[in-house]
Structure formats: C-alpha cells, structure tokens
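Protein chains in written order, with my numbering: chain A, 3 to 407; chain B, 7 to 268.
Simulated from the structure, these hints should not be mistaken for laboratory data. Treat the hints with caution; some may be incorrect.
Claimed, not checked - Straight-line Cα separation of at most 20 Å, DMTMM-like style, residue types lysine to aspartate or glutamate; simulated pairs:
#1 B:K30 <-> A:D288
#2 B:K30 <-> A:D121
#3 B:K30 <-> A:E152
#4 B:K168 <-> B:E179
#5 A:K115 <-> A:D142
#6 A:K379 <-> A:E397
#7 A:K95 <-> A:D121
#8 A:K214 <-> A:D173
#9 A:K95 <-> A:E112
Stated by the list, open to error - On the chain A side, residues computed to face chain B include the following (Cβ under 8 Å):
#10 E94
#11 T103
#12 V286
#13 E367
The structure presented is a predicted model; accordingly, all values stated were derived computationally and were not measured. Every residue, glycine too, gets a C-beta built ideally from N, C-alpha and C.
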Amino acid sequence: MKKTTILLTGLLLAGCSAQSDTEEIDLSSQSWEDITETAAGETVRLYMWGGDTGINSYIDEYAIPALQEEYDVTLERIPLNTNEIIQKLETEKRADQDEGTIDLIWMNGENFKRAKEGDLLFGPFVEEIPSYQDYYQAEDYEYDFGTATEGYEAPWGKVQFVFQYDSAVVDTPPSTLDELADWVAENPGRFTYPEASDFTGNAFIRHVMLGKAVEAEELLGEPYEPLEEEQSAAMWDFLNQLEPDLWRGGETYPASLEELDRLYSQGEVWMTMGYNEARAESLVRDGIFPETTESFVLEDPGSIGNTHFLSIPYNSPNKEAAMAAIDFFLSPDAQLEKLKPDYWGESTPLDPASLSEEQRAAFDELDRGQTVPDAEKLADTYISEVDADYVEWIESEWRNEVAAD
Amino acid sequence: MKKNIFYISCVIFFLIPVLLLMLKSLTTPWRSGALPDWTLRGWETVFQDSRVIESMIITLGIALAVALINLIVGIPVAKALSHRSFKLKNTIEVLLLLPLFLPVMAAAMGLHITMIRLGLANTWIGVTVVHLVPTIPYAIKVLKAGYDRIPQDMLNQGRMLKAGVWHAFRTIELPLLIPSIRSAIFLAVTISAGQYVLTAIIGGGSVITMPIIYYPFLQSADDTVMSAFSVAFVLIPAAAILIAEAAAMALAGRLFIKRRSI
C-alpha cells in the first residue's frame, strides 16, 4: 500500500513538473538549420490509423530508418483512430495540459476542421518546411474540404475516388452516371453502395449530387449552403430509381465499406468503390478480391479527389523534430517510395513541374499496378471535394429521401 | 443422455467455430465457386508490428491487475449486499450497476480530465483504474450470487466455533465461492482485454494493448487477418485463466497446510 502511495505521489509530481517547463517556440526567429539542430536526437510520435499493412510497412520499414538517417530523428508510429486522437487533444486542451504525447497527426476534412476550430494545432508552420516551399503549389492546398488550411497542415498524400469491377462478369464498365443506372437496371442485384453515414457511401452520393443537382464549379471554394429543393430532387430521384435494382432490392444497404468489399469479394455484387485509386492492388494481391478486378472512374461527373495532411498538435513536446519529419515525408524521395504498390501505393500531392527531369521520370515510369486507372484519366476526371458540411446534409437527407421509403 | 447433449452442444457451439476460425486464419478469404489457398499472410500481419508480443503481455498484466482489484473490492461489497440488511440496500445495488449503462465514450471523456489532473493519463495504472468501470459491476453481481448460495447459518456456525472473520472467510466462504470467483475473474479479464476506447483515450497511445493494434484491422474485408488476430487474442484470456488457476492452487496449498498445522 505504502509503495503505491509513493508511486502515485511520484507520478503526480512528475505530471506537475512536466507541465511547468514547456517552451513556446518562435518560428520567425529560427532558421531551418536551427530547427534541424534542435530536432537531432529527438523522438517524434506519429499518431495514425493503423489498419492497413501497406501503410504500416511504409512507415515501419521505409520511413523510420530513412528519417533516422536524414535528420537523426527517431520516429515512433502509434496506431490510434483519428477520432480518439482528436478527442484526446480536446480533453488535454480543457485540462490545460501543455506537454502532450503526440507530435504528428495524420488527418483531413472534418477532423481538421474540429482540430482547427478547437485551437488544437500548432502553427502556421508549413511555410518553414523546405520541401513544401520547393515542391508544392500552395494554392492547391488552401482548402481542406472547404476549411481554410492557413498553414496548419502540410499535404502528405492525394487520393481519388474509383470504382472496382470484376472484368470476368462485366464487359464494359459504365462511364457516366446514366450508364451506371442502365447497367444496374440490366444487372439487378449486382450493385449497391454503403449507406450515407459511411465515409465512402457519402462520397458516392456526393458524386450523384455533383452529377445531377449542381455543377462542381458552382460549389468550389464556396461555403456550405443547403441545396434548393428543385435542385436536390434530381439527385434523390436518381437514387430512388436505382433502388429497386440494387442488391437485396435496396431494402438494406451495406453499413460500411468493409461490408460492400466483402459482398464483392464473395461475388454477391460485381462492383465496389472507394477512395484511393490504388486500393485494389493489395486486395487483389492478398487474394481478397478476384484476380480479374479492374477499376474505372466516371467521366461524368468525374472523380472526387482529396488530399490528406500532417499536422502538429499545440502541445507536441518536440515540435522541431515534428517539422523535420514533415520535411522528410514531403520530400520527392519519400513521396516516390509511397507511390510504389508494394507499400502504400498512394498518389503524391507534389507539383510535377517543380521536379527535375530525372525525378519526374522516376515518378512517370513507376508501374502502379494493373488495377490503377491511367494517370491521365485520373487527372482529366479530377474534381475537388466540396465543403465538409455537405457530408452531414447528405447523411440526414438521404435517410429521409432514399432509405426511409 | 444429458452428458451427450452437453458434448454435442460443445462441439457445435464452441469447437467448430474455433476450428473454423483457425482454418480461416490460414487460408485466403472464402469465395463461392473458388477453392481458397493456404496462406501465412494473416499470421505475418499479426506479427508485422514488432510490438504485438509486448502488447499481449501488457494486456495480460493489466487484465490480471483488474481481475485482482475486482475481487478485492467485489467480495466485501457482495457479502454486505447478500448477508446484511441496511437502509436503501436495493437502491445501492442498482447504483453499483449503473456504470454499465453509461456510454463508454462519455465515461472516457469525463475520466480523462480527472486522470490528467491526477497524472495518471498515459500510464498503465490509469488504464487499469479505468478498466474497473466496466468490470466491477459484473464482479459484484456475480459474487453476490455466490454469497446468496451460502446459507447464513453456515457462517453463524463458524463464528460460534470462534473462527475470526479471516479464518471464517478462508475456510467457509472462500471454498464455496470458488465457482463465482472463477466467473468473476473470467469476466474481468475478457472485458479488460477487449477495451479499445477506454484504453485509447486514457492510455493515449503510450499504453499499447492488443486491441490498439488489432481493432483498426477490423475495418477491412480481410477475413484472413481478422481470424488470425482473433485466434491470437484468445491466448490472452486463456493465459490469464491459467495464471489465476495456478495462483489459486499455490495459495490453496499454503492455506491447506496452514490449516492442518493449527
């Protein structure tokens, strides 16, 4: 008992002393050399969702040793769901804890909005990062799902929405929403999409919104405003007409992308979908998806793409080291490695025009795998993500307009 | 006849699912019309994260600590609830069960602030304490049922023969409580080992238990990896129960010898 008391008191004291010696760092007075000098020998704890072996091995097998070599910074990957990470920071903020445990967070969209509005982030810092200055077009990353980034997050990767289909049973995939509707009518029970509360299902419905209700250009950079009834009627009509020919007659929808993927993997439905144009590569390689899986994008309305980012929490104990790590992650070398299908297979947000001839060739020549649509096709169909508030609007409206009847 | 039913239902409801799970962890996902292949990928993924073994040991340690505290707290409370009468007894019994009806997220948020102030956030002690929230109500309930089966007369008899509180507990209550203690330990261990949200918030990524590594993989259609993780996860409660039984046996042996020597 005595021992525990001593231990508890010790911990209490440790907690107190840790709080008192926090340092505010003033970026304007520091050069990049100062920052990397402080960073050397430090440890950076990167908190990120951990449910993908490809992503995990990119960090564990490539990034950890490479960052150690480049900046003498030790990287630690902590698997935690983004929601819990933000939750943790919010409570730490309320408890005035200035010395946290998180140095880097991987996130975008709603989570960024929540973190930024809650003053949970350190910054603005991206202007200090040399790789960012050299290789990225700042105007491309001014907004993250409609929220101004203002230098509080650095672009790490870029993904686009693609559909997967089994070429053994589907001859020519549709290329517009109307063709998709025709295909569904001809093949009843072979298509469905996750419900609107799912991240991917919601993104599918956003494609319908941009194809049927409004033009993508009208919403670009505009704040959220609920759609007029006559506008939105077209998108709900489209989805309602689809419904009787969906899997199980549209009586029920998969609750999540995993369920849709499982239906596809078992051959119940012939198409699935998801963010990240390279997602099918590892699923096919691991025998989860049939080997005849291929991908397509819709030319009309296009394929929504989004960027995900790295941020530093306000109470990161090693902000300099976190910045050094971000500089490394944004560098062409690390981005090229990330594009390789054996690891993550994900596209890069860097600006190809800023690369040297040699670097660009390395990116162009890399074979991303058979299931990934051509780079040209992806670029042609690219449309930006709309304001994060539409996600919520779709979620509640879809329930009334489509699922309820 | 009765025995046969027991064995048959054991096979159907326990043995077959576990064997299927093991088989699934070693094959590619099952698809109609195609034979699955053998693969070690599921198990490679389990051990890809070098912290898996360490996380299993941490999970086991926390689970055992939680089980022990559950017994220390649960036994006196259960005895009081079962063998004494006092004002508001029923109300108190209901109050003690209330934590089970609280949404985990709400509990985690409230407790996190307290844990930060106490300096227990991001430590395994904090995680152990917070795992008591969803376990202690069960322990009290199970142990109370155990005490309900011990007649008050039997306890009175012991006291009449001048057994002290501890002596009576050791020689009368404890042996009769063994089945309930087993269930309480089993419940505490499995509940504690399966916590994700509470561990994630209070442990804050500094305390990496098995679910912290394992749960993100549930968000995929990859049955092979999920089965492998599930089989690996079963080892934790199994090991905890073995340890608890071994400890009980060692303790019982000592108690027995002591009793003989009195």
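Between the alpha carbons of K115 of chain A and D142 of chain A, is the straight-line distance 20 Å or under? holds (18 Å)
If you draw a straight line from the CA of K168 of chain B to the CA of E179 of chain B, is it 20 Å or shorter? holds (15 Å)
Return the status of the interface hint for T103 of chain A: holds when the least beta-carbon distance to chain B is below 8 Å, violated otherwise. holds (5 Å)
Given the hinted pair K214 of chain A and D173 of chain A, is their Cα-Cα distance within 20 Å? Violated: K214 of chain A and D173 of chain A sit about 26 Å apart, past 20 Å.
Does the CB of V286 of chain A sit less than 8 Å away from some CB of chain B? violated (11 Å)
Does D121 of chain A lie within 20 Å of K95 of chain A when you go C-alpha to C-alpha? holds (8 Å)
Holds or violated: are the alpha carbons of K30 of chain B and D288 of chain A at most 20 Å from each other? Within the cut-off at roughly 14 Å; holds.
Hint check: 8 Å Cβ-Cβ cutoff, E367 of chain A to chain B: violated (29 Å)
Mind checking the alpha carbons of K30 of chain B and D121 of chain A for me, to see if they're no more than 20 Å apart? violated (46 Å)
Please verify whether K30 of chain B and E152 of chain A have alpha carbons no more than 20 Å apart. Violated. K30 of chain B to E152 of chain A sits at ~48 Å, over the 20 Å cutoff.
Starting from K95 of chain A, check that the Cα of E112 of chain A is at most 20 Å away, please. holds (19 Å)
Hey, K379 of chain A versus E397 of chain A, does the alpha-carbon distance stay inside 20 Å? violated (30 Å)
Checked against the numbered hints given earlier, this structure breaks hints 2, 3, 6, 8, 12, 13; the rest are met.
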